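Model the full assembly from the supplied sequences, consistent with the hints where possible.
Now for the letters of each chain:
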Amino acid sequence: MKLLKFLSGVATALSLALPSLADEKLKVGFIYVGPIGDGGWTYEHDIGRLAVEDHFGDRVETIYKESVDEGADSERSITQMALEGADLIFTTSFGYMDATLNVAKKFPNVKFEHATGYKTAPNMSIYSARFYEGRAVQGHIAGKMTKSNIVGYIASYPIPEVIRGINSAYIHARKANPDVEFKIIWVYTWFDPAKEADAATALVNQGADVVLQHTDSTAPQSAAEKAGGVITFGQASDMAQFAPLPRVSSIIDNWAPYYIARTQAVLDGTWVSTDTWDGIGPGMVGIGDISEAVPEDVKAEALALKNAIASGEYHPFTGPLSKQDGSQWLAEGEVADDGTLLGMNFYVEGVEGEVPN
Amino acid sequence: MLLLERRPQPSRFWIYSTPLLAIAITMISGGALFALLGENPVEAVLAIFWEPVFGEFSFYHRPQILIKSGPLVLIAIGLSLGFRAGIWNIGAEGQYIIGALTGAAVGLAFYPMSGWFIFPLMVVSGAMGGILWASIPAFLRTRFGANEILVSLMLVYVAEQILAKMALGPLRNPDGHGFPGSRNFQNYPSAHNAELIAGTGIHLGIAAALVSVMFAHVLFSKHILGYRIRLSGEAPRAARFAGVGTSRIVFFCLCTSGALAGLAGLFEVSGPSGQVNIDFNTGYGFTAIIVAFLGRLHPVGILFAGLLMGLTYIGGETAETRLGLPSASIQIFQGMLLFYLLAVDVLSNYRIRVKPPKTRSSA
Chain F
1 MKLLKFLSGV
11 ATALSLALPS
21 LADEKLKVGF
31 IYVGPIGDGG
41 WTYEHDIGRL
51 AVEDHFGDRV
61 ETIYKESVDE
71 GADSERSITQ
81 MALEGADLIF
91 TTSFGYMDAT
101 LNVAKKFPNV
111 KFEHATGYKT
121 APNMSIYSAR
131 FYEGRAVQGH
141 IAGKMTKSNI
151 VGYIASYPIP
161 EVIRGINSAY
171 IHARKANPDV
181 EFKIIWVYTW
191 FDPAKEADAA
201 TALVNQGADV
211 VLQHTDSTAP
221 QSAAEKAGGV
231 ITFGQASDMA
241 QFAPLPRVSS
251 IIDNWAPYYI
261 ARTQAVLDGT
271 WVSTDTWDGI
281 GPGMVGIGDI
291 SEAVPEDVKA
301 EALALKNAIA
311 SGEYHPFTGP
321 LSKQDGSQWL
331 AEGEVADDGT
341 LLGMNFYVEG
351 VEGEVPN
Chain R
1 MLLLERRPQP
11 SRFWIYSTPL
21 LAIAITMISG
31 GALFALLGEN
41 PVEAVLAIFW
51 EPVFGEFSFY
61 HRPQILIKSG
71 PLVLIAIGLS
81 LGFRAGIWNI
91 GAEGQYIIGA
101 LTGAAVGLAF
111 YPMSGWFIFP
121 LMVVSGAMGG
131 ILWASIPAFL
141 RTRFGANEIL
151 VSLMLVYVAE
161 QILAKMALGP
171 LRNPDGHGFP
181 GSRNFQNYPS
191 AHNAELIAGT
201 GIHLGIAAAL
211 VSVMFAHVLF
221 SKHILGYRIR
231 LSGEAPRAAR
241 FAGVGTSRIV
251 FFCLCTSGAL
261 AGLAGLFEVS
271 GPSGQVNIDF
281 NTGYGFTAII
291 VAFLGRLHPV
301 GILFAGLLMG
311 LTYIGGETAE
321 TRLGLPSASI
331 QIFQGMLLFY
341 LLAVDVLSNY
351 RIRVKPPKTR
361 SSA
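As they're listed, the protein sequences go chains F and R. Numbered according to my numbering, the first sequence spans residues 1 to 357. Numbered according to my numbering, the second sequence spans residues 1 to 363.
Among the hints, erroneous ones may be present.
Keeping only pairs whose Cα atoms sit at most 25 angstroms apart, straight-line, the calculated PhoX-like set for lysine-lysine is [claimed, not checked]:
no., chain 1, residue 1, chain 2, residue 2
1, F, Lys119, F, Lys106
2, F, Lys175, F, Lys323
3, F, Lys106, F, Lys27
4, F, Lys147, F, Lys175
5, F, Lys195, R, Lys165
6, R, Lys165, F, Lys323
7, R, Lys165, F, Lys183
8, F, Lys119, R, Lys165
9, F, Lys323, F, Lys144
10, F, Lys25, F, Lys105
11, F, Lys226, F, Lys147
12, F, Lys195, F, Lys226
The following label-pair restraints were derived from C-beta to C-beta distances [stated by the list, open to error]:
no., chain 1, residue 1, chain 2, residue 2, range
13, R, Gly169, F, Glu225, 33 to 41 angstroms
14, F, Ala240, R, Pro174, 41 to 49 angstroms
15, F, Lys323, R, Leu37, 48 to 56 angstroms
16, F, Pro257, R, Glu56, 29 to 37 angstroms
Treat the hints as calculated values from the structure; they're not laboratory data. Since the model is a prediction, treat every value here as computed from it, not as a measurement. Heads up, the beta-carbon is just placed ideally off N, CA and C, and yes, glycines get one too.
As structure tokens, then:
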């Protein structure tokens, strides 16, 4: 009853909105968790949006809303976008999952794409990138570069994506340097420059001379620059303004090809609900320029690792690997399956501390 | 030379007209701001004030204004009791979180059982949670003279940590693939705070907000307790001589506002929000402080102030999506509105007089 009433309202609204649809522009909406100026996660999604505008020109119009809270407010923002006539909506943070699903049910003719989640519907796709592949390269460089043997890690929320990144970086740092230790700080936010900077400073004070981050702003880079003698990696975006030091390399999220392909699919009428998880190979994850602060041999090893991952010759989670409690996870030569990786809620052997819960 | 002259009595005319004047000034300076950003100022201001209520999609936006205003009014009514008595509960956000947690915990404990009694138990438990959290500053103030502003504010951060712990641990959805967050109450009918009338957005929390407005009105205009509260705030010494127990008033005000904040949290978590999650709280407890003062601590005033805040939120979002305005510009706009509302308030207590400058021998 409630749904019927809502739908009839929507139908009335759509019929009213029809004249404006006559110009046949496809409207593509984006919901962002931070401000576009974060210089990281949201910034890169917006680069993807601009690429869509560039590619399709007059055939497409894009709209966006930034700094949308991941609570009850997100459902309203997504609904408003659908009411405003968006045909395709990208919701670009994990916390929008249930809200996107709810709105997708109410607007069966609008296509939804949710980043980094796991719930789908006939009109709701999910997409994410295998950031852990980039973390492997980062871990290798971190292990080689640290002198104090302490690597700091600013973690956002204890969700599988973040835990996967910690594990991947740790495994490869250990391979490069068996004495390396990780110190992890959980900040429970994606974007909070003050908190992120505090965490970076705290890690440096605990002896870390490499700081990795899984948060969206450039604040940790500034904090590291101020502290001096500390190296960092650009997160989600190249953050090249901090090169050559402290930023020695970066993981770059490249959403543009995906956004263009999905928009094209809606224009062609070939859009179907899909589950995409691409890595370095297809180009969704990029490794930013490795700066001159990194010795040539380390750079060559890092690039070789990147190429091996890209070609599919090497998987960052290849056994033998044990879980933190010492129980065996992967046997010699065994490769982790995507199911386990997607739900990863444990550390590998050697990581100190506990996954918060 | 302009002079401000104190009025013997606050002007009734200006008390009622200042809010309208403030809105008008906000529209003008906000329009200027939007024009500087390269937008059509009339269109932007209309998107904020007109669209949500009368626009094309008002069938969706009107209920959303109620959903946004409900918790603000409910919490602000509770806060106004204390504020009138000079008891400053700044930590409603924490009581809101704890109420949501205790209420949700009861609901989740019964999952997947169905029964009419589950939701009422959650409501009681949510209120108790809020009372519990607010009684800490009440106890510390009456027993040790600790400042309730600091204690209640600091307890917000404690509550946020507990919330994170609960979302990741005990209340986490066992079927959630290890992701944080509880089960969604929208999928558990016995514990779901559904709309009372479909399509209106009115859920029990909004009904509770209206009831609280009526109770507060009766309390202040008819009941001896309301008189004592006002007396404690306006003339603390006289109140003591009259035998008004300070401790009782402190406990009553803090615990009542805690209960209402806890209820707001429970209605939100089981309704519009749907689940306990790390980001569950979005600042209603703090915004309600503004609402309480905007409404001049008067129950009916608070009702209108809450609706106005709700309107600027929903309208701001409409303007952002429709015109692509940066979210910071909307926050500036809201800030302007609050600033002007407080600034023009001076007109109700003072009159402006033009006085020719006098020449004096010594300045």
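**Message:** Run the distance test for Lys165 of chain R versus Lys323 of chain F: straight-line Cα separation, threshold 25 angstroms.
**Reply:** holds (23 angstroms)
**Prompt:** Within a Cα-Cα threshold of 25 angstroms, do Lys323 of chain F and Lys144 of chain F meet the stated pairing?
**Reply:** holds (24 angstroms)
**Request:** Decide if the proposed pair is consistent with the structure: Lys226 of chain F and Lys147 of chain F, CA atoms, cutoff 25 angstroms inclusive.
**Result:** holds (18 angstroms)
**Prompt:** Quick one: are Gly169 of chain R and Glu225 of chain F within 33 to 41 angstroms, going by C-beta?
**Reply:** holds (37 angstroms)
**Prompt:** Quick one, are Lys119 of chain F and Lys106 of chain F close enough, alpha carbons at most 25 angstroms?
**Reply:** holds (16 angstroms)
**Prompt:** Holds or violated: Lys195 of chain F with Lys165 of chain R, Cα cutoff 25 angstroms?
**Reply:** holds (18 angstroms)
**Prompt:** In this structure, is the beta-carbon distance linking Pro257 of chain F and Glu56 of chain R contained in 29 to 37 angstroms?
**Reply:** Given about 35 angstroms between the Cβ atoms, the range holds.
**Prompt:** Taking 25 angstroms as the top limit, are the C-alpha atoms of Lys147 of chain F and Lys175 of chain F close enough?
**Reply:** OK: Lys147 of chain F and Lys175 of chain F at ~15 angstroms, within 25 angstroms.
**Request:** For Ala240 of chain F and Pro174 of chain R, compare the CB-CB distance with the range 41 to 49 angstroms and indicate the outcome.
**Result:** Holds: the Cβ-Cβ distance is about 44 angstroms, inside 41 to 49 angstroms.
**Prompt:** Between Lys323 of chain F and Leu37 of chain R, does the C-beta distance stay in 48 to 56 angstroms?
**Reply:** Between Lys323 of chain F and Leu37 of chain R, where Cβ atoms are some 53 angstroms apart, the hint holds.
**Message:** Checking one constraint from the list: CA of Lys195 of chain F to CA of Lys226 of chain F, max 25 angstroms. Satisfied?
**Reply:** holds (16 angstroms)
**Request:** With a cut-off of 25 angstroms on the C-alpha distance, tell me whether Lys106 of chain F and Lys27 of chain F pass.
**Result:** Holds, because 18 angstroms separates the two Cα atoms, which is no more than 25 angstroms.
No hint from the list above goes unmet by this structure.
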